[in-house]
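Participant: Now for the letters of each chain:
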Amino acid sequence: MKEYAVYWGCMIPHRLPSIEIAARYVLEKLGVRVREVENYTCCPDPIIGRFIDRKTALTLSARNLALAEELGPELLVLCNGCFETLIEAVEALHDENTRTEINQILEKVGRKYQGAIQVRHVVEVLHDDVGLNRIKEVVQKPSRVKLAVHYGCHLFREPNGGDIWRKPKQFEELLRVIGGNPVLCDHNRLCCGFPTSHVDPEYSLRMNLLPKMRCYKQLKIEAVVTVCPACTIQMETGQRMLRKFGLETSVPIVHLMELMALAFGMRPQELSLKVHRSPVEDFARRVFG
Amino acid sequence: MNKSNADQRVLLYDPQRCTGCRCCEMACAYQNFGSLTPIKSHIRIIASEDGIHRDAVYCWHCEEPVCAAACPVDAIEKDERTGWVRVNPLKCIGCRSCTYACPVAAAWFDEDRRTAAKCTFCDGDPLCARFCSPQAIRVATRAEASAALKQILGGAASGGGTSP
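Residue numbers (the numbering used here), protein chains in the order written: chain F, 1 to 289; chain E, 1001 to 1164.
Derived by calculation from the structure, the hints in this document are not laboratory data.
Please note: incorrect hints may appear among the correct ones.
Straight-line C-alpha distance at most 16 Å; calculated EDC-like pairs for lysine to aspartate or glutamate [said to hold, decoys possible]:
no. : chain 1 : residue 1 : chain 2 : residue 2
1   : E       : 1040      : F       : 200
2   : E       : 1003      : E       : 1064
3   : F       : 217       : E       : 1074
4   : F       : 112       : F       : 96
5   : F       : 169       : F       : 186
6   : E       : 1091      : E       : 1074
Could you build all of it, start to finish, from the sequences and the hints given here?
Facilitator: Structure below.
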């Protein structure tokens, strides 16, 4: 099995470490070897960070990519935001003039980005490199629950005008192979509202999370699966704030890595699921015991 | 449509790809007004109450811009070389004629500056398109955008000089 450099980002180790615990378990079970990118910074934030100062944002990304480049040709990321920022930075740094300009800044900290790294989302690595058959062999406890699939906007990012549905479809297939029952509805594509929540939380809730959770409540969804810690946090805290719009929901929001770890036999109490702000722990104990 | 018009680069929005994240609005507002609030954006994403159906209001940089024709002080001009239709805020008297004249309601009135505002095409690299992860907004030629919009809107997009 191939070896990857792994970039955890900020949200996973600091706000939802249960995802990191789960991911390490899943990758080990599947024989995926990872090498840690050390001393990294924020990717940075794919929305506001990149709007405000393009050059600073690109320099931070290039430094992270340079650190990863020393470990191997492929960089594994487990967050949609990190994926978006880093893959866009790789595209921008293909341009030799831009790369030279950014490398002049990096030189001051003794780094150089060569432009040889490939950024891979965990969904495509599991689907394409590990393969569905291998995953099927490891599953011990198929969940068989009704799941909503929240893709997250940045999962659609495809370089060079490729098929935007490639990774979202792979995500659905991964859920099916671990025994889940993903429900396909139009609201799955709808953004969680995280970007606009920084600017206008009420607007974000009304336009995004409210219609989304209303639909999931109607469909009697048992859990929402994400592949992004920011979407997870937004949907967890947002559900509480939706009470002011008269909608009471308490749907567990679980990351794909956590669901896979549970399906692979990890016990819920080993996962520190208490860090979640939605009833993920109750869900895990009820479904996976 | 003559060749230079057919080749002009314009924006094209595909509702089937849009996730409603409004990053386009935030990027546009920050680029043009230094503010992240979507209210200040030249592109506006509108959605049905159930959140499923979405559409975008954005400038088509028309072949024969009605906003420019309606402006009593010639504050709106179509650049002969690039085809971009822009407002000169120093000339604008804030009469709002362009906001009423625009068939797609792309021109709007900025209450803070007291002048009309509309898409500037970001000098050729529109930020709304660059920051759109699902590529729901992209830059296309007018010929391509026109064909795509006719497919989406049916006959509604076939009107003379204001067609995309």
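Participant: Confirm or reject each hint.
Facilitator: Quick rundown of the hints versus the structure:
| no. | hint | verdict |
| --- | --- | --- |
| 1 | E:1040 / F:200 | holds (13 Å) |
| 2 | E:1003 / E:1064 | holds (15 Å) |
| 3 | F:217 / E:1074 | violated (54 Å) |
| 4 | F:112 / F:96 | holds (13 Å) |
| 5 | F:169 / F:186 | holds (14 Å) |
| 6 | E:1091 / E:1074 | holds (8 Å) |
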